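Novice: Each chain, letter by letter, is given below.
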Amino acid sequence: MMTPHVAAAVAALRDRCGAPTDPARRGPVALDRNFQAANLLHVSLPELSTAAVVRYLIAERFVSGPHVLAEMPATADRIDGFLFWAGTDGLAFINADHESPVARRRYTAAHELGHAILHRERMGRFRVDVKITEDEEGDDHLECEANRFAAALLMPADVVAARADELRRKHGCCPRGVLAYRLAAELLVSREAMRYRLADLELGDE
Amino acid sequence: MTPQNRLRVSLATARYLDALERDDQAALDTLWLQAANDPELLAAFRDIHAGLIEEHARRNATEVQNTVASAVEEHMPGAEIVRPEIGPVTVADVAAELFRHPPALLPAEAHALNERLRSVTDLVPADLGLDAVAAWAESKFGPGPARYWAAFRQAALKARMRRSADTEFRLAARKTAPTPEGG
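Respectively, the protein sequence lines represent chains A and B. Mapping the first sequence onto our numbering, position 6 (from 1) lands on 6, and the numbers just tick up by one. Mapping the second sequence onto our numbering, position 111 (from 1) lands on 317, and the numbers just tick up by one.
FYI, nobody ran anything at the bench for these hints, they're computed from the structure. Everything numeric in this text was worked out from a predicted model, so none of it was measured. Idealized CB from N, CA, C, for every residue including glycine. You can take every hint at face value.
Derived CB-CB ranges, DEER-like:
#, chain 1, residue 1, chain 2, residue 2, range
1, B, F305, A, A59, 14 to 22 Å
2, B, H262, A, H67, 16 to 24 Å
3, A, E60, B, L217, 49 to 57 Å
4, B, G293, A, R26, 45 to 53 Å
5, A, P23, B, G293, 40 to 48 Å
6, B, E260, A, G65, 17 to 25 Å
Just chain A, same shape as in the assembly (with noise of 0.2 Å):
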């Protein structure tokens, strides 16, 4: 269930962005913009782990030198998501292996995004994400916000209420595979990640 104060995140960050959702529009949520106006970049690294950020951070020269990350870890273990902040700056690692397709990236870098907008008081300097998973359940109740955030943000409500419209209007029915099919597709997200969605917006018939 989309909680008041994530749906009000979500929308404050496209305002900032000068992106409102409109349904006419096709085509995935431009994931960029959000990014820059939460002034955070996003890196893509294959194999992700916290010893390949560290190895990052200090190579493109986002820390002076070793000793800044010293109390950070750097194992080779593999992690889906990692963000790292300084000052009011912030970067998302995204895993880019072979085991995430570009959805799952997606997904992965609006997890993160949301982490910054709804976390940042409460992190440290840096959250690792070992796993995330495309539902909002779970014990980890801030793993779940940021899903939440990412579910609203890369699948507009108002977008996917226009399109389980269309459909309905088309055909006379809107199955929920069916437009979870199609929906995934055009926003460019996994169709488990979809089917969550239109189940938590009690959207298409089961």
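Starting from the structure of chain A, add chain B where the hints point.
Specialist: Using the frame of chain A, we list chain B on its own:
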């Protein structure tokens, strides 16, 4: 602490600092004896020493850094010395970053514009969205290639993050610095 006590501690600490300056061991001994029966004075002396130790450590580190930097500059002319940067990021800082590490495929006019910006001391804006940066920069410095503003924005974020990370690191290091008692 009462105003009288504050005055007493201030006068004693002034005498203590003066004795330290002159290396007057007799005066120091007298003042330590006095402090042994005066917890407020003892705390003040300890604070003075904590400050002196920190200052000494900083001075030593700076001397070593300067020696190493001079040696690198003299014997490794191709090397870049990354010095801890402080204060807000200026346009010149960003242009210097782009000068040292130019992105690939920048057109010639971008390099010319960057050269001009290397002497601009204006601060970069808080909002570093690409559209915001390009609009702000073009209103101040005239038009530039879109590719240049994208590179400028990226370099500005990088410079600001590096500076913030350095500052946060120094603050964290200061917080965890050992006390004079070794705690």
